[in-house]
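Fit chain B to the given chain A structure using the hints.
Heads up: the protein sequence lines correspond to chains A and B, in order. Each residue of the first sequence is one higher than the last, beginning at 0 in numbering that gives the first Met the number 0. Each residue of the second sequence is one higher than the last, beginning at 0 in numbering that gives the first Met the number 0.
Be careful, since some hints might not be right.
You can't tell identical chains apart in this list, so a pair holds if it fits in one copy or across any two.
Said to hold, decoys possible - Computed cross-link-like contacts, DMTMM-like style, restricted to lysine to aspartate or glutamate with a CA-CA straight-line distance of at most 20 Å:
#1 Lys18 <-> Glu61
#2 Lys18 <-> Glu99
#3 Lys71 <-> Glu99
#4 Lys18 <-> Asp28
#5 Lys70 <-> Glu99
#6 Lys70 <-> Asp49
#7 Lys77 <-> Asp6
#8 Lys122 <-> Glu46
Calculated from the structure, these hints are not laboratory results. Keep in mind it's a predicted model, so treat the numbers as computed, not measured.
2 protein chains.
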Amino acid sequence: MQGFELDGRLARDSDLLIKLGLTQLRLQDDRRWPWLVLVPQRNGLSEIFDLTPLDQALLTFETNLVATALKKVTGATKINIGALGNIVRQLHVHVVARSEGDANWPGPVWGHGTAEAYDPQEKQIFIRRILEAL
Amino acid sequence: MQGFELDGRLARDSDLLIKLGLTQLRLQDDRRWPWLVLVPQRNGLSEIFDLTPLDQALLTFETNLVATALKKVTGATKINIGALGNIVRQLHVHVVARSEGDANWPGPVWGHGTAEAYDPQEKQIFIRRILEAL
Chain A
0 MQGFELDGRL
10 ARDSDLLIKL
20 GLTQLRLQDD
30 RRWPWLVLVP
40 QRNGLSEIFD
50 LTPLDQALLT
60 FETNLVATAL
70 KKVTGATKIN
80 IGALGNIVRQ
90 LHVHVVARSE
100 GDANWPGPVW
110 GHGTAEAYDP
120 QEKQIFIRRI
130 LEAL
Chain B
0 MQGFELDGRL
10 ARDSDLLIKL
20 GLTQLRLQDD
30 RRWPWLVLVP
40 QRNGLSEIFD
50 LTPLDQALLT
60 FETNLVATAL
70 KKVTGATKIN
80 IGALGNIVRQ
90 LHVHVVARSE
100 GDANWPGPVW
110 GHGTAEAYDP
120 QEKQIFIRRI
130 LEAL
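Pulled out of the complex, with its shape left as it was, chain A reads as follows (with noise of 0.2 Å):
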């Protein structure tokens, strides 16, 4: 993964919890939602047909891996896994959990208002469930 160039926005937006075989797992600094974001360590690619047959198989997994324990910590009601890229074209995958109620709930996150930062204490606790989960 030598030489992997982190997006400039991805970086400041979000925490590194954790360097899976593809993917940076990253923690978004909005604490409206539990939302995780996976990057592949690959540049150049803003698509997920982009990357390799055997990639796109890694992603499937580590992206699987990461919804089911973000479902097993929050218990929400749904998980929204997206790759939009309209903004940051750096390819990058969403994984949020979603619960009746949430801001802007049915609707989606993207877009939506303003991040509210976590306490770093709280971040702290999330982030060890998270790594304890998966």
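Just chain B now, kept in the frame of chain A:
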């Protein structure tokens, strides 16, 4: 795939184009964006991680096949892929062609405004182009 029951809202809002190995490929009847929907022909599932590993791999393959065709036909700036399901719980994956300046760009398509139905002839032309590109 005998006995597969399609959700009523998916049936009403979209047209069947073709059945792939795992999924039904459908066109969302909303001319604001070129918008396809893949529905795995499995009953009672709402999350991607509810699929068997083999079905997960098939869904990845079929999603990327369809996304590649949609990109080719539309020349879109960005393909948006999403599995939300906050309203319709039956597992389905959106594949949407986005271009700068389209409705709600660069925000998401979900929950934005009201669908605009295709003119029947326009719809058939678009369907034919997608099927040819698969």
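Structure-based check of all given hints:
Taking the shortest alpha-carbon separations for Lys18 and Glu61, only the intra-copy value of 11 Å comes in at or below 20 Å, while the best inter-copy value is 27 Å. Taking the shortest Cα distances, Lys18 and Glu99 never come within 20 Å of each other, neither inside one copy (31 Å) nor across copies (33 Å). Taking the closest pair of Cα atoms, Lys71 and Glu99 come within 20 Å of each other only inside a single copy of the chain (17 Å); across copies the shortest separation is 37 Å, beyond that limit. Taking the shortest alpha-carbon separations for Lys18 and Asp28, only the intra-copy value of 18 Å comes in at or below 20 Å, while the best inter-copy value is 40 Å.
With identical chains, the CA atoms of Lys70 and Glu99 are at most 20 Å apart within one copy only, with a shortest distance of 14 Å there and 34 Å across copies. In the homo-oligomer, the alpha carbons of Lys70 and Asp49 lie at most 20 Å apart only across protomers (12 Å), although the nearest pairing inside one protomer, at 28 Å, exceeds that limit. Taking CA atoms no more than 20 Å apart as the test, Lys77 paired with Asp6 passes between copies only; the shortest distance there is 17 Å, against 28 Å inside one copy. For the identical chains of this complex, Lys122 and Glu46 are neighbours neither inside a copy (30 Å) nor across copies (26 Å), given an alpha-carbon limit of 20 Å.
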